[in-house]
Every structure is written in structure tokens, then in C-alpha cells.
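Participant: Listed below, chain by chain, are the residues.
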Amino acid sequence: MGKTIAEKILSRKSGQDARANDLVVADLDFRMGQDGTSPLAIRAFEEMRGKRVFDPQRAALVIDHSAPSPLEGVSALHHLMRSFAKEQGMIMYDIGDGVCHQLVPEKGHVGPGSLVIGADSHTCTYGALNAFATGVGSTDLAAALISGKMWFKVPESLRFVCRGRLPAGVYSKDLILFLIGQVTADGATYMAAEYTGEAIGALSVDARFTIANMAIEMGAKAGLMEADDKVLAWVREHRAPSGRGNFEVVSPDPEAAYARVLEYDVSGLEPQVAKPHRVDNVASIGEVAGTAIQQAVLGTCTNGRLEDLRIAAGILKGRRVHPEVRFIVAPASRRIYLEAMDEGIIQDLVRSGAAVVTPGCGPCVGTHNGVPADGENVISTANRNFKGRMGNSKAFIYLASPATVAASALAGAIADPREYLK
Amino acid sequence: MKLKGRAHCFGGDVNTDYIISGKYKFKTLDMKELASHVMEDLDPDFAKKVQPGDFVVAGRNFGCGSSREQAPLALLNAGVGAVLAASFARIFYRNAINTGLPVVECDTAGISAGDELLADMEGGVLRNLTRGTETPIKPLPPFMLKVLGDGGLAAHFRKYGTFNID
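Top line first, the protein sequences correspond to chains A and B. Residue numbering for the first sequence follows our numbering, starting at -7 and increasing by one per position. Residue numbering for the second sequence follows our numbering, starting at 6 and increasing by one per position.
There could be a bad hint or two in this list.
[What the hints assert, rightly or not] 25 Å max Cα-Cα, derived BS3-like pairs, lysine-lysine: (1) K141(A) <-> K151(B); (2) K143(B) <-> K386(A); (3) K32(B) <-> K386(A); (4) K28(B) <-> K379(A); (5) K145(A) <-> K54(B); (6) K143(B) <-> K145(A); (7) K7(B) <-> K379(A); (8) K267(A) <-> K141(A); (9) K164(B) <-> K386(A); (10) K143(B) <-> K28(B); (11) K309(A) <-> K414(A); (12) K78(A) <-> K32(B); (13) K386(A) <-> K53(B); (14) K43(A) <-> K164(B); (15) K379(A) <-> K54(B); (16) K164(B) <-> K145(A); (17) K54(B) <-> K37(B); (18) K37(B) <-> K53(B); (19) K145(A) <-> K0(A); (20) K164(B) <-> K141(A); (21) K379(A) <-> K143(B); (22) K7(B) <-> K32(B); (23) K28(B) <-> K54(B).
[As the list claims (entries may be wrong)] Computed, partial: chain A to chain B, Cβ under 10 Å: (24) E38; (25) D178; (26) Y182; (27) P233.
These are computed hints drawn from the structure, not numbers from a lab. Small disclaimer: the values here were computed from a predicted structure and weren't measured. Even for Gly, the Cβ is constructed at its ideal location relative to N, Cα and C.
Construct the entire structure; sequences and hints are all you get.
Facilitator: As C-alpha cells, then:
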């Protein structure tokens, strides 16, 4: 019987014939924690009487959620992380380096066939590179740091076949919002999602990360894609200096068993928006266009990559953001920030009225860098619009593509980006 | 493992931001401080009302969203004895077991606030003592039951030094 991508990677890494619903212990290629989860992991590491981190150069701690520190309490936790990483010889990415889910792929720590855990739910992002990557909590991270292993229940897989090509003005963010709206917030719980079809193949790797990133918003354990020439070229361009990364492309077998196969023709898709306070509360742009907004956010692990900034700058160049809108931009990493400056993108965004903040998670997680006021509407390229997500439970968050966010920032209200691309 | 508690009812898709908001969790490891804010965006008085051993009862997809382990820890430190839900988001489910918070997957539709409940984890049944009804519990995989019995994954690792999956 054939195997899915998830079954193949977990078989290889566990040395067993792993099938859906089996429990396996598997060797990890990389482990990651961020500043919201690592301090508790360090505490759990001590509770487990851990002494040394197993293979510490295949583990990173990242300070991105509150970076730079806005508070004394946060500073103490950052200090704890820096001390632990130094003592253990782990990789440490500090303030300004970027968002963990950009850094792990960008620095070459993950590639086709890798098995990765991260103490952050959006670790599924690396599935765009054909890696099985999943989010865990702090205690699981501590166990993985000590042992280099993790236990997994091998997931069933849910296959999305996306036929046709996305029309102009419609992007990978619109596609994943549409799919989440179709299957709902728990439509893929306990399962691995596999995304395939012409529409996926036509996307850049940057754009594919957006789709894999949001697999967790349908409850999935991983969001997997096949490795084509674009992925292999991307991985070559983002190789780790140490040359680490023993990658091996994994394709699903034609006769693999799926829990469900869902097919969509996406050639007629319109820009999509997730309305407050649920990611699966998705509408086409026409239904929400005209809703006044007070803040627009471009960035995050979902949409802070170079292509995202370029798309937004294409709409904003030579124009001014609406006077009653605060426009916040956070590039996903230092590298992206520099590349965007080299292309003049940052200059175009700043001239249009953007406030550019340190690469990091910033406004998405409500820690700092743009907490909205009571009753305000925000449109964001992030992946969650839960009540209180941005630090104020009386604000309203709409999720959309970089193009829709840019168009809305200009209009002062949710706007269809296709009107600005003519 | 048998657990007895009084129900506090919530709806479906209770995400980890609602359990403990990101604005609190990044600045402290003091779980008692976090426990004073648990579930506050859904019920501002919950932290004051909850008594040791009480159950949180919810619908589908409990604990969806972020991987923050502060969510089960805040519930535990507020005195919550178990979470009962129609289904759980997988990261929360793992985190709950890893931190020693019992999670019970069962049909919760017939439970009302204040009901006295008895969960028999090995027997696989939930008894509603107030209403005199019984509901089957979806069994935990034996390995997870072992971790929970050890008091969480840290205690499990202290005992075995690794994942004792067999």
C-alpha cells in the first residue's frame, strides 16, 4: 500500500514502517523555540534533569515575539534564553534577526524530507519545503532538546488539489483563507494537509510558505507540499554555512490512502477576507469592502517576505496612506529588510506613510508595536484574528493578502486590490 | 484515574488566546499571576469563581491556536481539575498531558453549568451525577495515559530518561 508524505517522512525518521495512527519515536533534524515558549522549555529542561542539549547546533532559540523587549519582565526572560543558548552552544537569533519561521528556512536549517519541531504553532510553515514540521509546547521542546527525538502519532492526511491558476490580484493568502473557510477551523484536526495542483505549482516558494503557515488554522499538524525545481533552487540559495542539511525529496505514492481528497478550481477566486473573530469566518472582498479601518499591518510569519513587501509597495508607490490609517510594516527578517531596501521597496513604503518596525512578530501577538484601541478595526496580513489577539479584546481584526491590506491602507476602508492594479 | 468536579461551561473553538492572552504570557513565568487572568476574555469572573477540582466543559476544538503551554498551566494553577470537550486541538491536547492536566474527550452537549461530574478515565465513562446520565469517553492512547499517570512529561523523563512508549 502506498504512503503519504507524512507517512514516508515519519517512516524514514523512526526506522519503522509508519502508517496513519501508529505511535512512533523519531529522530529530529532541527528544534526551535521562541521567546514566548523557550523560557518554560528551559524550566522543563531543568525539571527533567537535563544536562546537555543533544547536538546543540541543530537547535535554535529565537527572540522575535517581543523584540526588542518592551518590559522589564520580558527582558529577564530574554536574558534567561541568551544565557541558556550560550551555555549549551545552541544557535541564538536575537532581536532584529527576524521571525523564527522565516529564519529556520532562510538559514538553511530545514529542507526536503526534514523532520522539525518548533515550540510555536506556525512551525508547519516549513512544509512548503517538503518538510514535516509541526508545533509543540515547551515541555515537548525540552524533551526534544535532551533526546534529539520526539514521539508522534502518525497523522492521516487530507489532500487539497487546487486546479487552475489564481487570477490577477488574487494571491496565495486568498487561496488559504478560502480553503480554511471551506473546511473550517477544525476541519483538519489531527491530520496532515497536503497541497497540490497547478495553482500551487505556479506559486513562488515565498507564496507557498503563506499556505503552509496557515495549515494550523484548519487544525492540521503539518501543511505539506512536494519539492519541485523551485523548492530545490530556493534551498540551494538558502544553504546553511556549516553545510548541514541532508535533504531528500519525498513524494506521496499515487496509491497513498487519504482521509479525504478535496478538489477546487481556483481560477475564478476573488480576494478573500477573514472577518472577526475567527479565521474560518471568510468572505469574498465584495461583502466587506467599505468597512472603515484605523490600522493596517503588513508583515508576520504569514506575509512578511520580500514578495509580499514588493506587492504592497507596487500598490503604494507614489501614493499616500489614508490620513486616518496607521500603517505598520514588519519585514520578516534582516535579510528581507536589506533586500527590500536594495530594491527601493522600503523607501516606497516609508514615503507612502508606513511605520517600519523591527523584523519580528510585533503587532500580531499583542505584545507591542501597534496595540489597537477599543472599537478599532485592523486589517492585517497575519494568520489569526481572535478577539484580543493584538492586545485589545475590544478591537476587530480582519485578515487579508498584502495587496488587500495595501489597498485598504490607501482607501481608509477595506478595498479590493484589483482596483489599484489596473 | 477517577476525577470528580463541577462544570463551568464554554462554547466551541475556545482558543489559547482566550485561555490566557498573549499580552500576559510573554512577561512572566509566575503561573499564579497568569492564573488570575485565565479565560478572562470569555468570562471575566472565571478566575474568582473556579474552585479547586472544578471542570472546564466546552464544545469542539478546545485549545485551538497557539502552542503556548501557559494555557494548560494557567488552568491547572487556577485549580481546574480537568477539561472536558467534544474535541481538542492537538497541540493543546499534548501540552495538557505533558503538564499533567487531564483532558477528557466526550460528548459535552448535555452538560449544564454547575452539574456534578465523575470522569472514570480507565473505565472510559463520564457520569453526570446531577442528571443521572452516562456518556462514553474516547480513550487516551496508553502512552499518554502513562505520561498523565506519571504527573506529566517532566516527571516521565525523570523516571525513564526518555519516552517510554512500550
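Participant: A separate judgement is required for each hint: does it hold in the structure or not?
Facilitator: So, going through the hints one by one against the coordinates:
| no. | hint | verdict |
| --- | --- | --- |
| 1 | K141(A) <-> K151(B) | holds (18 Å) |
| 2 | K143(B) <-> K386(A) | violated (37 Å) |
| 3 | K32(B) <-> K386(A) | holds (21 Å) |
| 4 | K28(B) <-> K379(A) | holds (12 Å) |
| 5 | K145(A) <-> K54(B) | violated (37 Å) |
| 6 | K143(B) <-> K145(A) | holds (16 Å) |
| 7 | K7(B) <-> K379(A) | violated (35 Å) |
| 8 | K267(A) <-> K141(A) | violated (39 Å) |
| 9 | K164(B) <-> K386(A) | violated (46 Å) |
| 10 | K143(B) <-> K28(B) | violated (34 Å) |
| 11 | K309(A) <-> K414(A) | holds (14 Å) |
| 12 | K78(A) <-> K32(B) | holds (22 Å) |
| 13 | K386(A) <-> K53(B) | holds (22 Å) |
| 14 | K43(A) <-> K164(B) | holds (15 Å) |
| 15 | K379(A) <-> K54(B) | holds (22 Å) |
| 16 | K164(B) <-> K145(A) | holds (22 Å) |
| 17 | K54(B) <-> K37(B) | holds (15 Å) |
| 18 | K37(B) <-> K53(B) | holds (13 Å) |
| 19 | K145(A) <-> K0(A) | holds (13 Å) |
| 20 | K164(B) <-> K141(A) | holds (17 Å) |
| 21 | K379(A) <-> K143(B) | violated (30 Å) |
| 22 | K7(B) <-> K32(B) | violated (35 Å) |
| 23 | K28(B) <-> K54(B) | holds (22 Å) |
| 24 | E38 | holds (9 Å) |
| 25 | D178 | holds (4 Å) |
| 26 | Y182 | holds (5 Å) |
| 27 | P233 | violated (29 Å) |
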